[in-house]
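Asker: Here are the chains, one letter per residue:
Protein chains: 2
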Amino acid sequence: MIRRGTGGRDARIARRAERPQAPPFITRQLPPYELLSEEGLLAVESHADQLLSEIGMEIRGDEVAVDLWRKAGARIENDCRVHVPPGLARALVQGSAPAQFTQQARNPARNVRIGGMNTVFAPAYGSPFVTDLDRGRRYGTLDDFHNFIKLTYLTPWLHHSGGTVCEPVDVAVNKRHFDMLYAHIRYSDKPFMGSVTTAARAADSIEMCRCLFGADFVSRNCVILGNVNVNSPLVLDGEASRVIRTYAAARQAAVCVPFILGGAMGPVTTAGALAQCFAEALFCVALTQLESPGAPAILGNFLSSMSMRSGAPTFGTPEPALAYLAIGQLARRLGVPLRCGGNLCASKVADAQAASESANSLWPAFLAGANFMLHAAGWLEAGLAMSYEKFVMDVDQLGAFHTLARGLALDENGFALDAFREIGPGKHYLGSKHTLTNYQTDFYDFDLADNNSYEQWSAEGSRDQLSRANARWKRLLEEYQPPDLDPAVDERLREYIERRKSEMPDAIV
Amino acid sequence: MIRRGTGGRDARIARRAERPQAPPFITRQLPPYELLSEEGLLAVESHADQLLSEIGMEIRGDEVAVDLWRKAGARIENDCRVHVPPGLARALVQGSAPAQFTQQARNPARNVRIGGMNTVFAPAYGSPFVTDLDRGRRYGTLDDFHNFIKLTYLTPWLHHSGGTVCEPVDVAVNKRHFDMLYAHIRYSDKPFMGSVTTAARAADSIEMCRCLFGADFVSRNCVILGNVNVNSPLVLDGEASRVIRTYAAARQAAVCVPFILGGAMGPVTTAGALAQCFAEALFCVALTQLESPGAPAILGNFLSSMSMRSGAPTFGTPEPALAYLAIGQLARRLGVPLRCGGNLCASKVADAQAASESANSLWPAFLAGANFMLHAAGWLEAGLAMSYEKFVMDVDQLGAFHTLARGLALDENGFALDAFREIGPGKHYLGSKHTLTNYQTDFYDFDLADNNSYEQWSAEGSRDQLSRANARWKRLLEEYQPPDLDPAVDERLREYIERRKSEMPDAIV
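For the record, the sequence lines run as chains A and L. With the first sequence counted from 1, adding 399 to any position gets you this note's numbering. With the second sequence counted from 1, adding 399 to any position gets you this note's numbering.
Read the hints as simulated data drawn from the structure, not as lab findings. Keep in mind the model is a prediction, meaning the values are calculated, not measured. Glycine included, each C-beta is placed from N, C-alpha and C at the ideal position.
Just so you have them, the derived chain L footprint on chain A, three or more residues with Cβ under 8 Å:
hint, stretch
1, 442-451
2, 704-718
3, 832-844
Each computed SDA-like pair below joins lysine to any residue, with the alpha-carbon atoms no more than 25 Å apart:
hint, chain 1, residue 1, chain 2, residue 2
4, L, Lys-826, A, Glu-462
5, A, Lys-826, L, Ala-663
6, L, Lys-826, A, Pro-485
7, L, Lys-826, A, Gly-637
8, L, Lys-826, A, Pro-484
9, A, Lys-549, A, Asp-883
10, L, Lys-873, A, Ser-861
11, L, Lys-832, A, Arg-480
Same shape as in the complex, but just chain A (with noise of 0.2 Å):
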């Protein structure tokens, strides 16, 4: 890209024009990775549905999710254990989830495609911190919040606006999800997720999309994702499983995710938390197809290695790398789509610490097949802090991925074949009629890599991969320009959350 200076808003909507053009989602032509042989995927199901059947899995505060287990023909202990039948929740899965489904956007071009092939980026999610070089690390607002959505709009790389980008921590805690969901649909036109910490917060997320896309087309598409944490081990807390089923009620997907710090929530071996992961995960979208049968769900998962000098959670080491790339194969074999994966790190700050352990979780993810990656951007500190400069370094990086996912054109033009008649031995490419034809699309080049001489380097500063991408997040901040949105749907949403918002007092919880 062309850098310019800064002008006005001619000179913005010239930038705008500029920006790289990308699909809405991706769709993989590179094959995923297959780590484990057949036996060995037999072996991680079956130590699943021993789990669910022998120790059984508890749902603490809700008695109607029991009640449909029940039913199903699941044994009940002290009314909620829930004892799984071996293979009962593979097959209610199997029986009726969809193998794919499509996320509308309010604008079509940006709906997503959700499973198979295709994956799905989304920012980080869930922080109460955010951080940037000029102010530092402090709470979350909800103009931090607003800012995230519009570097999300911005970016071609991010196909999803994502839930809780950071906790807008200045709005009260009952009524936060009114201005997260109002600020999703006013500032972006990407798909988006709903709140997940009440039922009743739930239900409010789903009214503001009958609001935006009317009651009718809710019914029959889904149109919001509720991401919803296991209380790992084996544990799904009422309220929880209530939000599972408020969004299977209103066929819309839930996102079910265990969350297993190896050694804390889970064994400290990574065969048996992958085990356990793949079966909580799975008795959750089994619920989803027991309230709903046919509702879109997905496998979740958030699998952690722990450091054992500090008992500190860690990212980017090798164990969860390996679980991605096994559960990738069982939620194919499943034929639900997954979750997985992100721009994952431990680190405080935006550094090479921080760009390892990225990478070393978005690799496997991408090659496990993942098809809706969370935290793909602006993810620090184990996920405490949202960080300006590394949401835009991690968008740089899903770029590339891109490129990556189209795999090697193995065509006529590609093998270049009268390129090398022309150019023959010892000579060199770079005025060939081939590279003046194919430069412009070849090579991805990321944005904020400096690949300068160490002269030219010195000479602008020496400037490190921080320093540039936080001039390059306000410059891009510059050039948001909001997209359309009816001013009758606008009067809608506003006046649903007004009057919700007073019906409750300000709460903390």
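Please arrange chain L on chain A, whose structure you already have, making use of the hints.
Answerer: Frame of chain A; chain L shown alone:
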């Protein structure tokens, strides 16, 4: 690893004993990644055949090599352009080149097996500059050369001492190879590489191996590698050709490496650059077999893309990653060991750019099944500088790939059913018997990662990984103690070097 204050000799020995144990090389349990279909692989092979037969490869200034090709059935044009009939190069290689071989180290416990499912990591090669945070960027010296050999000796994650770990520019160009070889032998006991700048220096390198191992042993074993660059596109310089033949004649392994900067030394499209790279390397490996059937050899490649903004080489981009994945398949079909990848980057500093680019090179090369990975540690600035800090950062990453390579342990301990039975739902595994039994061996922990809380990290000075790496390599060098070397061998080596140096005046080429 527990960190202690520095102390006397006993403390250093104790710290040495603490270093992680690692095998002398990696034997991957992970299956290699399969990018291309059979049809795609045949297309690349047939285009490589077409390049060798129709365009041809020039050997400029080595009549002996041209004659070897003529006798083998190639058509020679203008005394130097070698047109190889389709299939001939492949038949020559498959007829006699070993699919795997062992390179002997002077310490037999450090012998490495090159080929098959094995991977050998070696440090970066050939930088004129070195850099560290204390002294900045400067020309490399013999002292720096010694330091990098010592650092390589100290880490369990590099299996090979490498070759020109940096250029010792304080030694005359025509005498450097003596000091470099001596340093590899004296300061390490890992296997190493010899000189390739002239055939005479290659012969000196082999002669020094005879001083070390005995002539008879050298005639029967591979004890040294020579890394020879092809003058892409489609030219093999006469001196390079003689160097290849010198190593092959002595039954030592030439690593045959096309260096293709796409758009300059080859076409801008990746399929064409890949076919060219494979053709050039195949041609050189075939030459080793014409010179000495059965001699070990390695199929190399070095592919880079180019910034279309500046014409500078770029690293960690997706196009070389795709080429790596494909050439891994081609090498396996050919049945020769593959050199591929490394921790490559264009960054001038060991920042996030350096780390991302390096990971984007390391991951595909490793999954491609690279057997010998040069440039695995220290590489900065497109190879112009060897960085002390980057070196220890890269090594930390290589350690993780040892764990990754082992794959998932799907055994009774791995699945941890007893732990699930002990703990059940909703409780933590920190104190479980299974965790206590396994915690010391499970979870790779990056030595240079900071996984502490933000507060603790701040209290400790908010250091980034670059700063921690600076402390790390200095501490390692303090700990260094040379391995024993038989004084009689040392004497023979010193005598050989003294005599040979006295036979020539210093020269600058």
